[in-house]
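In case you want the letters, here they are:
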Amino acid sequence: MGNVPTTVKHCLSYEQLIQDYPWLTRWLLAEKMADHTDVLRGIQREPHVRYPVLTPNMQGFQDAVAAGATEVAVFGSASETFSKKNINCSIDESMLRFEEVIKSAKERQIPVRGYVSCALGCPHEGHIEPSKVSQVAKRLYEMGCYEISLGDTIGVGTPGSMFKMLQSVMNEVPTNALAVHCHDTYGQALPNILTALQMGVSVVDSAVAGLGGCPYAQGSSGNVSTEDVLYMLHGMGIETGVNLTKVLEAGDFICNALRRGTNSRVAQARGRTL
Amino acid sequence: MAAVMRLVNRSVLGPAMGQQYVAFSSAAKAGVRAGRALPEKVKIVEVGPRDGLQNEKTIVPTETKIHLIDMLSASGLSVIEATSFVSPKWVPQMADQVEVMKGIDRKPGVSYPVLTPNLKGFQAAVKAGASEVAIFGAASELFSKKNINCSVDESLQRFDEIMRTAKEAGVPVRGYVSCVLGCPYEGMVAPEKVAHVAKRLYSMGCYEISLGDTIGVGTPGSMIKMLEAVSREVPVNALAVHCHDTYGQALANILVALQMGISVVDSSVAGLGGCPYANGASGNVATEDVVYMLHGLGIQTGVDLSKLMDAGAFICRTLNRKTSSKVAQATCKL
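Those protein sequence lines, which keep their order, are chains F and P. In terms of our numbering, the first sequence opens at residue 1 and continues consecutively. In terms of our numbering, the second sequence opens at residue 275 and continues consecutively.
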């Protein structure tokens, strides 16, 4: 994905994609998301819509507040190796950094969302114990995150491992404070989301057009497509408040700008391929 | 993570989806529905060589088809739909039906059913060595008329002939019902209509009925309603699901089918076979992705995923196309 001009990002509320690249090194982040202030200032904020931004540390948090952010997110990992390779510190050290951010956020009454990556597997460590995920989720929740998004970062999870992981996390964090962030790298995202719904989870992360590949599996898909998730939820009679047609339009728009095909099967079926 | 979806009305999750979901969310074990656990074993019916190749634009040489089937046999699959005895006038991709049947290396314990649309096709199939056949009904009148030029009832009458002859010859017959979750012409299809056709095929003597979401429009919601209606008429252990992934819903649909006691799943290696009703869209669900999910659930299939992926890689190279299987695309090595 090449650099996307700021004007395109405005139209898409693209700033949420800032949260999509926790594993990027500082310089890459700086390059692709260098315009974060412009984006945040330029978008047309709809009432009742929230625009969280990723803040890995105090500096990022302060910049975000200065740019007008009203909600932030912090990223933990259930895998020590992933944490060290990605953000150059252990899980415990990262928690200390987040504590600072959360403390300042609390003072400003800015809600903080917590993410746990590698919840169903790690590209370096392989299998991740559900108890490790619940430990990290619990810490983030107790520190003050209002919601914890559990991420299957490399998409290796299946309904079997999703169930075991959620069972463990639900012992430590109330279900209504949980979300799932499934990647579709192995095509398992929708059945994994379905399993989570069946266990009482009612918050789902997804990306329009399935933007964001998998940096650990060349050429593979990454994020599950919002369009495909919506199609499933609406087909099950679940309300989301989201208009699928408008999301399809947003997907068309960004894929055209990026000169790439959509990852959404629903979009492909409706003839919206490039 | 461009969107975080909050389900607007949480309570909708229960009542909107019916009692079975209330049971799910309060169950001690995921997938337990009113005390019924997921099946320990699932039989995969591999339809790539027939349904898959029939719907690919490129016509594949006979030796390639034979090699593909042999590779699939070696992967542990127990049912591989080998070819079709429809007239080559209508389906030129299957014109080499006799050579394929004679050329494959039949692994003991593996079944190689073939499609037979009428008595003539059945007779040719048996002559070529087929020991199991399949017949196709539709749950939609319009689809039946547009596809095989007769009503649903008329098509079932044609099959009567095949059933009688097959019974005498001791040849098992599998029945397919298409458009079970929607029709490209009629739109919504009533679950009762699906149940009616499935019941007819079963009463005529089909040992198994494969319920096909032909255009992939189904979701877990419509899959459950349809299976509830059908399982009132046909025992669940005689049912199979044949899901298309055109809207990305196949694995989720298969999961709820398993939760309702279904233990036979049709799929196509590499997701061969696009959707003739949605240009450029995907069709059959990929066997690799299904096996990945089933193994992740601890369900036995008898299939060696890496050998299956070899077969998928082989046919994709030959067809000069990318695989539709996400598992095959992912090169991440854990």
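Treat the hints with caution; some may be incorrect.
Simulated restraints on C-beta separations [claimed, not checked]:
{"no.": "1", "chain 1": "F", "residue 1": "E249", "chain 2": "P", "residue 2": "K420", "range": "23 to 33 angstroms"}
{"no.": "2", "chain 1": "F", "residue 1": "K246", "chain 2": "P", "residue 2": "N594", "range": "53 to 63 angstroms"}
{"no.": "3", "chain 1": "F", "residue 1": "E129", "chain 2": "P", "residue 2": "D584", "range": "31 to 41 angstroms"}
{"no.": "4", "chain 1": "F", "residue 1": "A34", "chain 2": "P", "residue 2": "K420", "range": "53 to 63 angstroms"}
{"no.": "5", "chain 1": "P", "residue 1": "A587", "chain 2": "F", "residue 2": "E142", "range": "13 to 23 angstroms"}
{"no.": "6", "chain 1": "P", "residue 1": "E428", "chain 2": "F", "residue 2": "G237", "range": "30 to 40 angstroms"}
{"no.": "7", "chain 1": "P", "residue 1": "G461", "chain 2": "F", "residue 2": "K246", "range": "21 to 31 angstroms"}
It is worth saying that the hints were derived from the structure and are not from the lab. Glycine included, every Cβ here is placed at the ideal spot set by N, Cα and C.
Quiz item: Would you say the C-beta atoms of A587(P) and E142(F) sit inside 13 to 23 angstroms of each other?
Solution: violated (48 angstroms)
Practice problem: With 30 to 40 angstroms as the target window, see if E428(P) and G237(F) comply at their CB atoms. | Solution: holds (36 angstroms)
Quiz item: Lying within 53 to 63 angstroms: is that true of the beta-carbon distance K246(F) to N594(P)?
Solution: The hint (53 to 63 angstroms, Cβ to Cβ) is violated, given that K246(F) and N594(P) are roughly 37 angstroms apart.
Quiz item: Is the distance from the Cβ of E129(F) to the Cβ of D584(P) consistent with 31 to 41 angstroms?
Solution: Cβ of E129(F) to Cβ of D584(P): about 32 angstroms, so the range 31 to 41 angstroms holds.
Self-check item: Beta-carbon spacing of A34(F) to K420(P) - inside the hinted bounds 53 to 63 angstroms or not
Solution: holds (55 angstroms)
Quiz item: Is it true that G461(P) and K246(F) lie within 21 to 31 angstroms of each other by Cβ?
Solution: holds (23 angstroms)
Quiz item: Per the hint of 23 to 33 angstroms, is the separation of the Cβ atoms of E249(F) and K420(P) within bounds?
Solution: holds (32 angstroms)
Hints 2, 5 from the earlier list are contradicted by this structure; the remaining hints agree with it.
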